[in-house]
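Take these sequences, add in the hints, and give me the full structure.
Protein chains: 2
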Amino acid sequence: MRKHARTRSSNPGSAGHVVAVDIGGSNLRVALADTKGRILGKFADSTTRKSSPKTLVKQIQNGVSQLLGQAGVPRTSLLSIAVGAPGVTNRDAGVVFATSYLKGWKDVPLADLLESALHVPAAVENDVKLAAIGEHWIGAARGIPDFVFLAIGTGIAAGIFVDGRLIHGPEWVAGEVGYLIVPGTPEESSRRGTPGSLEKMIGGKGIRQTLLQSCDRASALALGGLTATEIFDLAVTGDCRAQTLLERAARILAYAIHNISCVLNSSLFVLGGGVGTNKPLLAATQRILEPYTQPSCPKLVISSLGQDAQLIGAVRIALDRARIESR
Amino acid sequence: MRKHARTRSSNPGSAGHVVAVDIGGSNLRVALADTKGRILGKFADSTTRKSSPKTLVKQIQNGVSQLLGQAGVPRTSLLSIAVGAPGVTNRDAGVVFATSYLKGWKDVPLADLLESALHVPAAVENDVKLAAIGEHWIGAARGIPDFVFLAIGTGIAAGIFVDGRLIHGPEWVAGEVGYLIVPGTPEESSRRGTPGSLEKMIGGKGIRQTLLQSCDRASALALGGLTATEIFDLAVTGDCRAQTLLERAARILAYAIHNISCVLNSSLFVLGGGVGTNKPLLAATQRILEPYTQPSCPKLVISSLGQDAQLIGAVRIALDRARIESR
Numbered sequence: 002m003r004k005h006a007r008t009r010s011s012n013p014g015s016a017g018h019v020v021a022v023d024i025g026g027s028n029l030r031v032a033l034a035d036t037k038g039r040i041l042g043k044f045a046d047s048t049t050r051k052s053s054p055k056t057l058v059k060q061i062q063n064g065v066s067q068l069l070g071q072a073g074v075p076r077t078s079l080l081s082i083a084v085g086a087p088g089v090t091n092r093d094a095g096v097v098f099a100t101s102y103l104k105g106w107k108d109v110p111l112a113d114l115l116e117s118a119l120h121v122p123a124a125v126e127n128d129v130k131l132a133a134i135g136e137h138w139i140g141a142a143r144g145i146p147d148f149v150f151l152a153i154g155t156g157i158a159a160g161i162f163v164d165g166r167l168i169h170g171p172e173w174v175a176g177e178v179g180y181l182i183v184p185g186t187p188e189e190s191s192r193r194g195t196p197g198s199l200e201k202m203i204g205g206k207g208i209r210q211t212l213l214q215s216c217d218r219a220s221a222l223a224l225g226g227l228t229a230t231e232i233f234d235l236a237v238t239g240d241c242r243a244q245t246l247l248e249r250a251a252r253i254l255a256y257a258i259h260n261i262s263c264v265l266n267s268s269l270f271v272l273g274g275g276v277g278t279n280k281p282l283l284a285a286t287q288r289i290l291e292p293y294t295q296p297s298c299p300k301l302v303i304s305s306l307g308q309d310a311q312l313i314g315a316v317r318i319a320l321d322r323a324r325i326e327s328r
Numbered sequence: 002m003r004k005h006a007r008t009r010s011s012n013p014g015s016a017g018h019v020v021a022v023d024i025g026g027s028n029l030r031v032a033l034a035d036t037k038g039r040i041l042g043k044f045a046d047s048t049t050r051k052s053s054p055k056t057l058v059k060q061i062q063n064g065v066s067q068l069l070g071q072a073g074v075p076r077t078s079l080l081s082i083a084v085g086a087p088g089v090t091n092r093d094a095g096v097v098f099a100t101s102y103l104k105g106w107k108d109v110p111l112a113d114l115l116e117s118a119l120h121v122p123a124a125v126e127n128d129v130k131l132a133a134i135g136e137h138w139i140g141a142a143r144g145i146p147d148f149v150f151l152a153i154g155t156g157i158a159a160g161i162f163v164d165g166r167l168i169h170g171p172e173w174v175a176g177e178v179g180y181l182i183v184p185g186t187p188e189e190s191s192r193r194g195t196p197g198s199l200e201k202m203i204g205g206k207g208i209r210q211t212l213l214q215s216c217d218r219a220s221a222l223a224l225g226g227l228t229a230t231e232i233f234d235l236a237v238t239g240d241c242r243a244q245t246l247l248e249r250a251a252r253i254l255a256y257a258i259h260n261i262s263c264v265l266n267s268s269l270f271v272l273g274g275g276v277g278t279n280k281p282l283l284a285a286t287q288r289i290l291e292p293y294t295q296p297s298c299p300k301l302v303i304s305s306l307g308q309d310a311q312l313i314g315a316v317r318i319a320l321d322r323a324r325i326e327s328r
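Order-wise, the sequence lines are chains A and L. In terms of the numbering used here, the first sequence is residues 2 to 328. In terms of the numbering used here, the second sequence is residues 2 to 328.
Derived from the structure by calculation, the hints contain no laboratory data. Please read these numbers as outputs of a predicted model, since none were measured by experiment. Mixed in with the good hints, there may be bad ones.
Same chains, same names: a pair is fine if it fits in one copy or spans any two.
To be verified - The calculated SDA-like cross-link candidates involving lysine to any residue, where the alpha carbons are at most 25 Å apart (straight line), are:
(1) K280 - G70
(2) K206 - T294
(3) K107 - P184
(4) K300 - S190
(5) K206 - P184
(6) K107 - A219
(7) K107 - P54
(8) K280 - G239
(9) K37 - G225
(10) K107 - C298
(11) K59 - K107
In C-alpha cells, the structure reads:
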C-alpha cells in the first residue's frame with residue numbers, strides 16, 4: 002500500500018466527504034459523495050490527448066472547489082480523493098504507468114500530485130478495475146465473490162474479482178483482455194499502445210474498421226457510416242448485413258468470455274462500456290455460449306451502474322483510503 | 002474448510018509423519034513424509050478405470066501399513082493424509098465430484114472414507130492443483146506469488162496461484178484450461194467427460210489423433226506409430242514432417258499461454274506432464290511467444306519436481322491439515 006499521505010483531513014471520522022474522479026480520453030468527471038457513498042453533486046470538464054497531469058490536477062481542483070461550494074460543504078470536511086485513470090496503474094504507489102488516451106503520460110505520480118494540491122489522502126486505480134469495484138459494491142455483482150467486469154468500448158479490458166478480491170497481477174496488467182487471441186481475431190502480436198487482437202475486431206472502432214471491412218463490400222458500404230451499436234440495433238430490425246456482423250462480433254466475444262471462464266471459473270460476467278452494454282450483442286453472445294457448458298456456464302448481465310460504475314468504485318476506494326488514514 | 006475430523010492423531014505436535022497419495026488413471030502412488038516434508042518411502046500400486054473408491058481406500062490402507070512398517074514408524078505417529086484425485090474436487094468438503102479416469106466416481110466423499118479407514122484427518126485436492134502447490138512450496142515456482150502450473154499429458158489443466166494463493170473458483174473448476182478455444186483448435190463445444198478443444202489438439206492423445214490426422218497423409222503414415230514426445234524429439238533431428246507438427250502444436254500452446262497471461266498477468270508458467278515437459282515443445286513455444294510482449298511476457302520453465310510434484314503438494318496440504326487439527 003502507499004505510504005500514508007503527508008497531509009491529513011481534520012475530520013477523519015464517520016462524518017465527512019470524499020471526491021471521486023474519472024479521467025477519460027475526452028471527459029473528466031468529478032463527484033462529491035458522503036461517507037455513505039451517496040453522490041451529492043457532479044462536475045464535468047473536457048480532456049484532450051494533450052492534457053498534461055498538471056492541467057488535469059488543476060481541473061480536478063477546480064471541480065472540487067465548485068462541488069464543495071454548491072453542496073455547502075466546508076473544505077475541512079474533505080477526507081480523501083480517488084481517481085480512475087484510463088491506463089495501467091500501480092494502485093499501491095499511486096502511479097499511472099501509461100495510457101494511450103493521454104499523450105506523454107508515463108509513470109505519473111498522480112496520487113502524490115493530488116495530495117499536494119488538495120491536502121487530503123489520494124488513491125489512484127485503473128478505470129475498468131474501479132468500475133468492477135463499483136459493481137461489486139452496489140451494482141450487478143453485489144455479493145458475488147468471483148466475477149468479471151468486462152468493459153467493451155473503444156478499448157477492451159476487464160476488472161476481475163477472485164474470492165472477493167480484485168486482482169492486479171505483478172505488473173498491474175491482469176485483466177488486459179483486449180489482447181486475447183481467439184478464432185476470428187488477428188493472430189499477430191500487438192505493439193505497446195496499439196489495440197490488441199480482440200480490440201481490433203470487437204472494440205467500438207474495431208467493429209467498424211476491421212470486422213466490417215472483412216465482410217463483403219456491399220455490407221461495408223451499407224453500414225460504413227454507423228457506429229457499432231447502431232449496426233447491432235439495426236440487426237434486430239432484420240437487416241441481414243447487420244445480422245452477419247452482429248453474429249461475427251458475438252461469436253468472437255463468446256470465445257473470449259469462454260476462455261476467461263475456463264481460467265477463472267467466474268460465475269458472472271458484467272458487461273460495461275458503449276459496445277458491451279448493447280442488448281442485441283448480449284442476446285447473441287448468450288445464445289452462442291449456450292452449448293459451451295464445460296467447464297462451467299457463467300451468467301452474463303449488463304452493468305447496473307452504467308457510466309457511474311467508475312465513479313462509484315472511486316467513492317469506494319476513497320472511503321477505504323480515508324479509513325486507513327483515520328486509523 | 003472441512004469440519005474437523007472425528008478422529009485425532011495422538012501426536013499432533015511438530016514430530017510425526019504424514020501420508021501423501023496420488024491417484025492416477027493407471028497408477029496409485031503413496032508416500033510417507035516427515036514434518037519437514039522429507040519423503041521417507043514410496044509405495045506404488047495399479048488402478049484401472051473400474052477401481053472403486055472402496056478398493057482404492059483399501060489399496061491406500063495397505064500402502065500406508067507397508068510404508069510405516071518399512072520406515073519403522075509407529076501408526077500413532079501418523080498425523081494426517083492428503084490425496085490428489087484426477088478430477089474436479091471440492092477441497093473444503095473433501096469430495097471428488099467427478100473424474101473421467103475412474104468409472105462411476107461421482108460425489109465421492111473421499112476424505113471421510115479415508116478418515117474412517119485410517120483414523121487421521123484427511124484432505125483431498127485435484128491432482129494438478131496439488132502439483133502447483135508442490136512447485137510453489139519447493140519447486141520451480143518457489144517464492145513466486147503469481148504463476149500457472151500447466152499440466153499437459155493426456156489431459157490439460159492448470160493450477161493457478163494469484164497473490165500467493167491457489168484459486169479454485171465457485172464450482173472448483175478454475176484452471177480447466179483444456180477447454181480453451183484458440184486459433185487452430187476446434188470451435189465446437191465439448192460434452193462433459195470428453196476432451197476439451199485444447200486437449201483435442203495438443204493433449205498427448207490429441208496430438209496423435211487430431212493434430213496428426215489434420216496434416217498431410219504422408220505425415221500421418223510416417224509419424225502415426227510415435228507418441229507426441231517422440232514426434233517432437235524427432236523434429237529436432239531435422240524431420241520436416243515432425244517439425245510441422247511441432248510448430249503447429251507449439252503455436253496452439255503459445256496462444257493458450259498468451260490468453261491465460263492476458264487474464265492473470267502471471268509472471269511464470271511452469272510446464273508439467275508427459276507432453277508439457279518436452280524440451281523441443283518448450284523451445285518452439287518460447288520462440289513463438291517472443292513477439293507477444295503485450296500486455297506482458299511470462300517466463301516459461303519446465304517443472305523442477307517432475308512426477309513428484311503432486312506427491313510433494315499432497316505432503317504440503319497434509320502438513321497444513323495436521324496443523325489445523327493440532328490447534
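For each hint, the structure was consulted:
Taking the shortest Cα distances, K280 and G70 never come within 25 Å of each other, neither inside one copy (40 Å) nor across copies (67 Å). Within a single copy, K206 and T294 get their C-alpha atoms only as close as 31 Å, which misses the 25 Å cut-off; across copies the closest is 23 Å, which meets it. Proximity of K107 to P184 under the C-alpha cut-off of 25 Å is found in neither arrangement, the shortest distances being 33 Å within a copy and 34 Å between copies. When the C-alpha separation of K300 and S190 is checked against a cutoff of 25 Å, the pair qualifies only between copies, where the shortest distance is 17 Å, while the shortest distance within a copy is 30 Å.
Taking identical chains as interchangeable, the C-alpha atoms of K206 and P184 lie at most 25 Å apart whether they share a chain (19 Å) or sit on different chains (23 Å). Taking the shortest alpha-carbon separations for K107 and A219, neither the intra-copy value of 43 Å nor the inter-copy value of 54 Å comes in at or below 25 Å. In this assembly of identical chains, the alpha carbons of K107 and P54 lie at most 25 Å apart only when taken from the same copy (10 Å versus 58 Å across copies). In this assembly of identical chains, the alpha carbons of K280 and G239 lie at most 25 Å apart only when taken from the same copy (15 Å versus 53 Å across copies).
In this homomeric assembly, K37 and G225 never come within 25 Å of each other (Cα to Cα): the closest approach is 46 Å inside a single copy and 67 Å across copies. Only between protomers do K107 and C298 lie at most 25 Å apart by alpha-carbon distance; the minimum there is 20 Å, versus 39 Å within a single protomer. Only within a single protomer do K59 and K107 lie at most 25 Å apart by alpha-carbon distance; the minimum there is 19 Å, versus 63 Å between protomers.
Checked against the numbered hints given earlier, the structure breaks hints 1, 3, 6, 9 and satisfies all the rest.
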